[in-house]
Amino acid sequence: MQARDTEPSAPRRRLLWSALSLLVITLLALLVWLANRFEVSQVQDRLERDASEAVVDIRAALTRNLQSLQKLQFHTPGSQPWRMETADLLRQRRELVRIEWRDSTKQVLAFLDSPYRAPVFNILGRTGSGSDVGQTCEVARRLSGPAYSSSYFVLQSDVLGLELMDLCLPIMVAGRESGFLVVSYSLQDMLSEFVGSQYAHGREVSFTEGDGTRLAIDGAVHRVGREFSAKSLLELPGNTLVLRLNSWRRAPELFPNVLSALVAALALALTMILWLLGRDMRRRLRAERELADTLAFRKAMEDSLLTGLRARDLQGRITYVNPAFCQMVGFPAEELVGQSVDAPYWPPEYSEEYKKRQAIRLAGKVPPREGFESVFMRKDGTRFPVLIIEAPLINAQGAQTGWMSAFLDISEQRKVEELSRASQERLQATARLALVGEMASLLSHELNQPLAAIAGYAAGMRNLQQTSLLSDADAQLVVQRISEQAERAGRIIKSVHDFVRRRDQAREDASAQELIDAILPLLNLQARKLSVQVSLLLRPDLPRVHCDRTMVEQVLLNLARNGMQAMDEPGLWPRLLELRAQLINVEGVQWVEFSVADIGTGIDPEIEQQLFTPFFTTKAEGMGLGLSLCRTVIEQHGGTMRFERNQPRGTVFSFTLPCAESA
Amino acid sequence: MQPIIDATVFIVDDDADVREALAWLLRSRRLHTESFESADSFWHKIKYGPLPQASCLLLDVRMPGMSGLALFERLVERGWHRAMPVIFLTGHADVPTAVDAVKRGAFDFSEKPFSDNALVDRIEQALVHSGKVLQMEQSARDLRQRLNELTDREREVMQLVIEGLPNKRIAEQLDISVRTVEVHRSRVFDKMEVKSAVELSNLLRSLE
Chain A
314 MQARDTEPSA PRRRLLWSAL SLLVITLLAL LVWLANRFEV SQVQDRLERD
364 ASEAVVDIRA ALTRNLQSLQ KLQFHTPGSQ PWRMETADLL RQRRELVRIE
414 WRDSTKQVLA FLDSPYRAPV FNILGRTGSG SDVGQTCEVA RRLSGPAYSS
464 SYFVLQSDVL GLELMDLCLP IMVAGRESGF LVVSYSLQDM LSEFVGSQYA
514 HGREVSFTEG DGTRLAIDGA VHRVGREFSA KSLLELPGNT LVLRLNSWRR
564 APELFPNVLS ALVAALALAL TMILWLLGRD MRRRLRAERE LADTLAFRKA
614 MEDSLLTGLR ARDLQGRITY VNPAFCQMVG FPAEELVGQS VDAPYWPPEY
664 SEEYKKRQAI RLAGKVPPRE GFESVFMRKD GTRFPVLIIE APLINAQGAQ
714 TGWMSAFLDI SEQRKVEELS RASQERLQAT ARLALVGEMA SLLSHELNQP
764 LAAIAGYAAG MRNLQQTSLL SDADAQLVVQ RISEQAERAG RIIKSVHDFV
814 RRRDQAREDA SAQELIDAIL PLLNLQARKL SVQVSLLLRP DLPRVHCDRT
864 MVEQVLLNLA RNGMQAMDEP GLWPRLLELR AQLINVEGVQ WVEFSVADIG
914 TGIDPEIEQQ LFTPFFTTKA EGMGLGLSLC RTVIEQHGGT MRFERNQPRG
964 TVFSFTLPCA ESA
Chain B
2 MQPIIDATVF IVDDDADVRE ALAWLLRSRR LHTESFESAD SFWHKIKYGP
52 LPQASCLLLD VRMPGMSGLA LFERLVERGW HRAMPVIFLT GHADVPTAVD
102 AVKRGAFDFS EKPFSDNALV DRIEQALVHS GKVLQMEQSA RDLRQRLNEL
152 TDREREVMQL VIEGLPNKRI AEQLDISVRT VEVHRSRVFD KMEVKSAVEL
202 SNLLRSLE
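Chains A and B supply the protein sequences, listed in that same order.
Position in the first sequence (first residue = 1) + 313 = the numbering used here.
Position in the second sequence (first residue = 1) + 1 = the numbering used here.
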């Protein structure tokens, strides 16, 4: 039930879960975004680095070209060696489009075009191409070193044009300016030659002006995705170019690299674990709720039971009692739990016996499955009979932890049994009375006839005597008749006697055990009612007795009942009734002697004399026929009945029955 | 007590000893008896009518065959139990039955065994009763005979005489002369063997 209190409500639980999911997703997105950004910055960095390296490379290449060009000064311009060397240079350097030798007035003395393309100035001519060679050479003269011109566009025959840049190198001979070497660079080829595939792979390299106008481009790429761009300045004497590196990347991938993949995997794993934990918790919650329900159900069941329940541990201490048990014995649970021997509901007089019983139980002896009966005491001191069913208490590990006992208050049941037995007895008595009445009626009718005849004769004789008319013959006849009628009456009486005698023929052989077994159920009923313990002491190998079973059983029952009633005294504990049967020898004849011994109040000496007198009784509801009839029955069997004092107290009634003739 | 001449006591009992003892007792009182061992044999004897002389019936209640009670029923049916009074003989257990029978016309009942002569005294009373009943029945029969002998006119005159009318009125009513009425009247008186109108009136009332 506590679990139910602390258990979050469903909306709150959903909110918590949503918050957790949101956090995880945000974290994941952040991680992916950061990783992505990191990657972008890396790409950008590399691009920037490459751009500056490319500029350095270009510069280095230009410097190297400059040195090669300066070597041309040592030949006579226009001479064969100069031409050969220049052609050689043009063949080696594809970026060089044309090399001109100009004099100090900037007039062309000799020139050579690149063998790799058609002469560029053929269409418009050198001057018409918009280049300002003069100005560049002026700059070079002023610098006393190489100077580069601004780039300019030369239209070509193939519609496209070329973006060129001139280099003017003053030729110094003996410290004096003798002319200029004008070299035209193709920007396009500069890019492809200098920057090369090292940087341009998957990128676009271009020269732009300061304002972003593209002059030359190399490395066409598939422009898909995001564009990255890096710029680097190429400062040359007389001109400044901007080298621009462009790069395109595909749309950023979900796992741009191992790191973010790892992070994602970890996050996924974390989510997974969280989900598993959540599921586990849900299951646990459900199990707990089910357990709580089951417990509540069990508790309700135990509380609603009419059967008392009590659990004891292996030391005999009470560990649990249910409300029905408390109600039964009248003690609250607090007063019972923890109690051991001498439980408050044990009647003091049975305490010893119960202690023994508990010791046997604790020794591990399993009680009978059908239960046993006992007597308990309520808080107010009244006793009541209970049926106890005990079973070992086994815990989840299969080990015995104590004993569980169920109690049924059987006083009501007892009462019903008692009532039915009483009504049964009353019915039997009524039947017996009816039979006796019937017999009496028959007997009176039969006896009336001879009596009427006798009365008639006697009256007639008196009549005759009065009138002195009685003759001797008449008198003789009448007396004869009267005696005949008297005889007849005698015969009737005898026939009744014979009728009673006829029960002799109902005699059969029976063992003492059989006789006692027949009355035991009735006996036990009474014994339970009066809390009497009945013990049987039958010698083995007793011979069978010849008797009218029904009658002898009645005698036994009568004596046993008398004995139990004699012990029905408050404060008399224990109450023991002993039924014995043994073989005795009287003057050479074998008899079976039955004894019924009680330890009750005994018989007063003045009553002893009248004990077998018919219609004598000490009981309020008795008829006083019991003992006298018993003795008659026994004497009809040829046996005797007697009684004596029991030691130390009480009375023993004994009777003998003849042994059956051994077949 | 005067002996009753010609009276008969019928004894019906299945027990021969009882029959014999009773017969002997009654004989000692000079009463004539006739014994029957069963109700059937007795019925066989009297089925054509009761005896003309005084009689009484001692009847045992319990008998094999037709019971005493059944026989009594037949007698009551025919009205014979008046001229032949019935005294039941009963055992103790049958007393309620016997009392019931007395209520329906039995003369008396006697419990067995009988006490001395009380039963005989009762029998004699029954015989006297029987004699009286027979006598009354006889005189009634005579009266009817005499009435039958009257002529129609005489009967008319007699009726008016009984009503107490004087001769003159009778003559007026019957439209005859006073003289004629007187003749009829004296003839009625003669035939009915009476001397006065009052006597005649009593006689006729006894018949009803």
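Hints were generated in silico from the structure; no laboratory data involved.
Small disclaimer: the values here were computed from a predicted structure and weren't measured.
Misleading hints may appear alongside valid ones.
[Stated by the list, open to error] Ranges between beta-carbon positions, derived for each pair: (1) S781(A) <-> G66(B): 52 to 60 Å; (2) L755(A) <-> Y49(B): 34 to 42 Å; (3) R955(A) <-> A17(B): 36 to 44 Å; (4) E797(A) <-> L208(B): 27 to 35 Å; (5) G66(B) <-> I916(A): 38 to 46 Å; (6) S781(A) <-> P53(B): 28 to 36 Å; (7) L208(B) <-> Q779(A): 40 to 48 Å.
Don't be surprised by glycine CBs; every beta carbon is placed ideally from N, CA and C.
Against the structure, the hints come out as follows:
Hint check: S781(A) to G66(B), Cβ distance near 42 Å, so the stated range 52 to 60 Å is violated. Hint check: L755(A) to Y49(B), Cβ distance near 38 Å, so the stated range 34 to 42 Å holds. R955(A) and A17(B) have their C-beta atoms about 51 Å apart, which leaves the hinted 36 to 44 Å range violated. The hint said 27 to 35 Å for the Cβ distance between E797(A) and L208(B), and at roughly 53 Å that hint is violated.
Between G66(B) and I916(A) the CB atoms are about 59 Å apart, so this pair departs from the stated range of 38 to 46 Å. Between S781(A) and P53(B) the CB atoms are about 34 Å apart, so this pair conforms to the stated range of 28 to 36 Å. Between L208(B) and Q779(A) the C-beta distance comes to about 44 Å, which sits within the given range of 40 to 48 Å.
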